[in-house]
Amino acid sequence: MQRAIKVTVNGKEYEREVEPRMLLVHFLREELGLTGTHIGCETTVCGACTVMLEGHTVKSCTVLAVQANGKNLETIESVASDGDLHPIQEGFWNEHGLQCGFCTPGMIMSVKQLLGDNPNPSRDEIRHAIEGNLCRCTGYQHIVKSVESAAKAMVQE
Amino acid sequence: MIAASFDYSAPETLADALRVLSDDPEAKILAGGQSLIPIMKLRLSIPSQVVDLGGIIDLHAIAEEEGIIRIGSMTTHEQVEHSELLSEKCPLLVAAASGIGDVQVRNRGTIGGSVAHADPAADYPAALQALDAKVKVVSSAGEKIIPIDEFIVDALTTALEPDEIITEIHVPTESTGIGTAYETIVQPASGYAIVGVAARIGLSEGNISFARVGITGVGSKAYRALAVEKALEGQPAKDDTYGIASRVAAEGVEALEDLHASSEYRAHLATVFTCRAIAAAAGRAQ
Amino acid sequence: MATTTTPTTKGFVGKRVRRTEDPRLITGTATYVDDVTRPGMLYAAVLRSPYASARISSISIEKAASLPGVSAVYTGEDVKAVGPVPCAGSMPTLRVPHHKILAQDRVYYVGHPVAAVVAIDRYVAQDAVDQIEVEYEPTECVADPEKALESDAVRVHPEYDDNVAFTFHAEGGDTDAAFAAADVVVSERVTVPRLAPSPMETRGVVAEYDEGTEELLVYSSTQIPHLLKTQLAVQLSLPENHVRVIAPEVGGGFGSKCNVWAEEALTCFAAMDLKQPIKWIENRRESINVVAHGRGHVDHLEMAASKDGTITALRFKILQDIGGHHQLLTPIIPTLAVIMIPGLYKIKNFTADLTGVFTNLPPTDLYRGAGRPEATYVLERVVDKLADKLEMDPAELRLKNFPAADEFPFETATGLSYDSGDYAKAFNIALENVGYDSFLKKQEKARSKGRLLGLGISTYGEVCAFGPSPALPAGGWESATVRVEATGKVTVMSGASPHGQGGETAYSQLAADALGVPMEDVVVIHGDTGKVHWGVGTFGSRGTAIGGTAVHLALEDIVAKGKKYAAHILNASLDSIQFNQGIFSSNEVEEKLTFQELALEAAVAQKLPPDTEPGLSATRFFEPPNFAFPFGAHICTVEVDGDTGQVEILRYIAVDDIGNVINPMLVDGQLHGGVAQGLGPAFLEEVVFSEDGQLLTGTFMDYAIPKAKDMPWIESERTVTPSPVNPLGAKGVGEAGTIGSLPAFVNAVVDALSHMGVEHIDIPMTPQKVWNLINERSQS
Amino acid sequence: MKIKGQQTLTTPREQVWEALLDPGVLARALPGCQALDPVGENHYKIRMKLALAAVQGLFEGKILLQDVQPPNNYKLHIEGAGKVGFVNGEGHFHLEKLSDVETVVHYEGDVRIGGMIASVGQRLMDMTSKMMIRKFFVSLKEILSEQ
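Chains as they are written, first to last, in numbering that gives the first Met the number 0: chain L, 0 to 156; chain E, 0 to 285; chain V, 0 to 779; chain W, 0 to 146.
Simulated from the structure, these hints should not be mistaken for laboratory data.
Any given hint might turn out to be false.
Think about it this way: if two alpha-carbon atoms lie no more than 25 angstroms apart in a straight line, the pair counts; the simulated SDA-like pairs of lysine to any residue are [to be verified]:
hint : chain 1 : residue 1 : chain 2 : residue 2
1    : E       : K229      : E       : P146
2    : V       : K424      : V       : G13
3    : W       : K74       : V       : P137
4    : W       : K1        : W       : L64
5    : V       : K79       : V       : I58
6    : V       : K424      : V       : P723
7    : W       : K140      : E       : E253
8    : W       : K96       : W       : K82
9    : W       : K134      : E       : G251
10   : W       : K140      : E       : G141
11   : V       : K563      : V       : A602
12   : L       : K70       : E       : A14
13   : W       : K134      : E       : V152
14   : W       : K82       : V       : H241
15   : V       : K62       : E       : R42
16   : W       : K44       : V       : I58
17   : V       : K530      : V       : H241
18   : L       : K5        : E       : S8
19   : V       : K146      : V       : S186
20   : W       : K61       : V       : K146
21   : W       : K82       : W       : N71
22   : V       : K441      : V       : M755
23   : V       : K708      : L       : K5
24   : V       : K562      : V       : P624
25   : W       : K1        : V       : V687
26   : W       : K48       : V       : Y135
Looking at chain L on its own, in the form it has when it is part of the complex:
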């Protein structure tokens, strides 16, 4: 019961045959080898698997690979370009917005969505925007600071 799908991931087109039950996150990680997207909770809570589908963040453990057929995807691997870190990545690095790093790729994708919609978010708005991303290490304070720092850098750019 394989289905042929064609997706564009990080600007590159892929064609694969997949089982309908294959989750998008497994497709990205195992079929395409893009292991930067992680699996944390499997119940649409933790957001470690967050990727962009047609420009919107989704939890890729709750999307079937077949649903992404014909669609455009962006993962953490596309955030830096030509070795230059994105200001959000710089923000996380500078402000120690990560410890074990497991939630970080999903967190960065959510922040990318946030700063795209709202270039100057308040602390409450930042916390609200990352409600769908759990971090067990940082207590979130340095993540909030990382986002503030990234927002500042992006406005200045």
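We have chain L; now place chains E, V and W onto it with these hints.
Structure of chains E, V and W alone, referenced to chain L:
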């Protein structure tokens, strides 16, 4: 947490989708998947086939016509949340949508999927009850327009037949002079409402001339708090009125119980948040 | 960033240096265990018991084994030659039931592994698990530690005559006399529910067996690769030098990966049996279910005091829920609560009685704080109660009982020697930062208007930076090797196994400063027993104080050896050689030698002194003479919504003393994260089981770990009292926040409701619990 | 999970009693019951497909009727297990004669749910059991009205 095998189709027209459904009674409709896919991953749902409505473009529109706003069933919570039309003409629905889950879930989940799932703790049904919303369903036999109150039958149970698809949700354009509010307390892990109260309050010369109150999370389905509405109508718009009227918010309702809230606590929260929602709505009506 | 630099010049220690491990983590290029693939790799999945207590009457694997893509199905019978899951406890009364890696005949808790499948991918593996048919004969179970101690309780392990897993008694001074002479006695019983450690990365193993070399290569998401290597060799009857364990990038541990798990040996067994690499990745439901829970206590503390507020004695009773089996350190963890029960106070007399009890629940074991949060929680609750009883200000009461700064090292009644500290100083700063007096006024005013404001104080002391070795079951030292490559690049190999703390950065800072090289020239290797030959691991806040010190000592050796070479090469006396900012020089000669030049000389070995060996490399072990004792004061202010029971944290003040600091930014991060893991249990977290041992909070939909909006802004400050027990003067920071935060929150909420007569609320203080109390009190 | 409640039926007590002990009636009234086969006196094998919208589970098990005291009381013991977990429960039924044509069915019981469904679905347990009881009595009333 891996789903059992199933077949998959992604029809591009409603007619095709209806055909699949009538051919395969064990098929399940996949809208945003934010409820169905987790259940399938736990193997609590093992459909023979999943019919993905994502490719049917007709189901995505929001349009206003003669005082009715028609929201395509595949409209995401995010689209409702950020719809200019709805912000202006049906802010209550926007308030309910913006409280659902988190950003990622709102980007993916749909209003049709939420209504069809009929989760007793979902946010939309409270607002839809308060709005006297209607659900348009289509089958190969034709179409029906069902009031929300009749559509949601019980916990996770609706009037939707296996061969039917929800195509639209109809809500009224809010009249001037009516204020609305959605107040909720959520279960901290899942983000589901423990209690969510949607209120629409109209005022006339300092008195309440119109009241609609929808409550989710308390009973096995969202309901209109008719006793509250009755206790409000014609009364002066002041805190005492709201407090007294709210006392009957959960009257006659068998309040649910789970780890996070006993039935007593739920019933109590219903009164608190009903009062808050009414006060906030009345404040906006003035 | 004003506060952050990526320095290329000297002087890194003590600075907010951004982390060297981050580039791979923020770009998605790091390799966690689930990112490891090997040619021909198969996937394992585990079938677990749905019953808390049952006999297994039959297991039928035929359907599962015949599914296309299934390579093997294993039951307890197949793996019975594999050695048991180890337990390191050694108290004389300890009962250690044989802990098989797959259940045979009986299951003891929901989630107990019963069978395992190996298949072509994880989808088929799960399909096959569903096809295994097990017939269980459910038996009566006991899922409550207090009920398990009752004389008629069903026995978890029928081979013993009761459910007592061990008892432990400790005492100091003359407690009975002190209680007899006391002016006041107060007491409290608290329960500390089971917590799911919940690192964002679940456990996972990849095992590969090389038939030719007979070597077993194991990737495991672990905090203790070296200990795991030894244990796997024992369990699988392999020569230890044929086992290599790699802890790749580890996505959080918090103690839960400081263990030796059945699934590790199981995956290795299957890889050896099938001669194919095998991956096992735990799902979140398994993680919440079976990864040893933290806490699980029922604690009772009685406190005697004189009316001037001097605390004279403690009687402490701990009931530790063990679960159905021990894990690696299960019986040891609650003894840490015993030795830390006096906290920061000068209490001369104490007795403690600890009982470990078997229940039909998953095992408990260490989780961030491990015993110390429990002790601090009950102590700080009872101190508040004492203040209440004496009508004394709770801050004043605490200040009265601290040892003075000149009393260190301070010997406690429990036999510890607190290394250094100025407890009053940190506490006074916290009081000042929160505006203690003005808050009390504000609170009174708010109360008169019906608003419920509260302030909670917690002071804590922590025993950490484990060793010394005799105090631990498996070595309290740490090792480090510093190897200088011919090009002058520096490789630091540490036996510690950091997993998010930033050890690579901290060790690089030490190396860069000691050798005068840029941080970019330093590579830190850890978590690979094939590269780092000796190690204990990262747990118990020991990464810097012990692991860092070993690095520091090895660096000192390198410098000493370098000076020797330099003296010979420069033709100067050894005593005259200076090493500064990467340059060897002498006032006797004009010529200088850079560190890089010296490194090359050491490698080519053309001009070395005759009595030396070539190469610039040093290995050192650090064995601390004592533990280190961080301390601090956390103060939390809250407002309770009387209508709903919801609690809002208004301010959170932390003043901590963790000794000398290598990187303040990393320390802040550890504290914030620690506070989150203390506040989680305060109002959100609890692993809930039904009376019949069924897990009711099996996913993050029901087990609530803090989200961004749940956490307050932490206003953090530090005092610095260097520890004398290691040359870095570091104490340890990993667990401090977790220990200090819980009582601060609880005391604050109780304070907010104290005028209603509320004396205690058990954690987690959910809105429902708080409202129930308010409702009760307002009705009575 | 404790369950307690009552339902008033406009049917004479004897008729309600007979219905409640009639495997044919039970098979129709128990929500999702696909088969109810007697294996002994007051002892049945049961197969149920419990379905709540998309959520569904297949359970097989047994039903025992105990302490049968016509037309007043009996105890119902049910055990079922499936891939997603298991359900065990006891219910005590007491029939109170309100009038010649009215009967109150009092029920009180304890339901224990285990395995995967317990660990992921506790939120839905209370509403599910309440709904099943509602459905049971709706069907029972329907069957009684046909008689």
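Hint-by-hint comparison with the structure:
Restraint check for K229/E and P146/E: the C-alpha separation of about 20 angstroms stays at or below 25 angstroms, so the hint holds. This hinted pair checks out: K424/V and G13/V have alpha carbons roughly 22 angstroms apart, not beyond 25 angstroms. A distance of roughly 21 angstroms separates the Cα atoms of K74/W and P137/V; the hinted pair therefore holds under the 25 angstroms criterion. Pair hint K1/W plus L64/W holds up; C-alpha atoms about 19 angstroms apart against a cutoff of 25 angstroms.
Using a Cα cut-off of 25 angstroms, the hinted pair K79/V and I58/V holds, with the two alpha carbons roughly 15 angstroms apart. Using a Cα cut-off of 25 angstroms, the hinted pair K424/V and P723/V holds, with the two alpha carbons roughly 19 angstroms apart. Distance check on the hinted pair: K140/W and E253/E sit about 21 angstroms apart at the alpha-carbon level, within 25 angstroms; holds. Distance hint between K96/W and K82/W is unfulfilled; the C-alpha atoms sit about 41 angstroms from each other, more than 25 angstroms.
A hinted pair counts as satisfied when its Cα atoms are at most 25 angstroms apart, and K134/W with G251/E qualifies at roughly 19 angstroms. For a cut-off of 25 angstroms, the pair hint linking K140/W to G141/E is broken: about 32 angstroms separates their Cα positions. A C-alpha spacing of about 14 angstroms is found between K563/V and A602/V, which places the hinted pair at or below 25 angstroms, so the restraint holds. This hinted pair checks out: K70/L and A14/E have alpha carbons roughly 23 angstroms apart, not beyond 25 angstroms.
With a CA separation close to 12 angstroms, the supplied pair K134/W and V152/E stays within the 25 angstroms bound. Proximity of K82/W to H241/V is assessed by CA-CA distance (about 41 angstroms); at most 25 angstroms being required, the pair is judged violated. This hinted pair checks out: K62/V and R42/E have alpha carbons roughly 18 angstroms apart, not beyond 25 angstroms. This hinted pair checks out: K44/W and I58/V have alpha carbons roughly 22 angstroms apart, not beyond 25 angstroms.
Simply put, K530/V and H241/V have alpha-carbon atoms about 14 angstroms apart, close enough for the 25 angstroms limit, and the pair holds. Taking the CA atoms of K5/L and S8/E, the gap is about 15 angstroms. The hint holds against a cut of 25 angstroms. This hinted pair checks out: K146/V and S186/V have alpha carbons roughly 22 angstroms apart, not beyond 25 angstroms. Of the pairs offered as hints, the one joining K61/W and K146/V is violated, with about 31 angstroms between alpha carbons and a cut-off of 25 angstroms exceeded.
A C-alpha spacing of about 36 angstroms is found between K82/W and N71/W, which places the hinted pair above 25 angstroms, so the restraint is violated. In summary, the hint linking K441/V to M755/V is supported, as the alpha carbons are separated by about 18 angstroms, within the 25 angstroms threshold. Pair hint K708/V plus K5/L does not hold up; C-alpha atoms about 38 angstroms apart against a cutoff of 25 angstroms. For the given pair, K562/V sits about 29 angstroms from P624/V by alpha-carbon distance, which is inconsistent with the 25 angstroms threshold.
Of the supplied pair hints, the one linking K1/W and V687/V holds, its CA atoms being roughly 17 angstroms apart against a limit of 25 angstroms. About 22 angstroms separates the Cα atoms of K48/W and Y135/V, which keeps this hinted pair within 25 angstroms; it holds.
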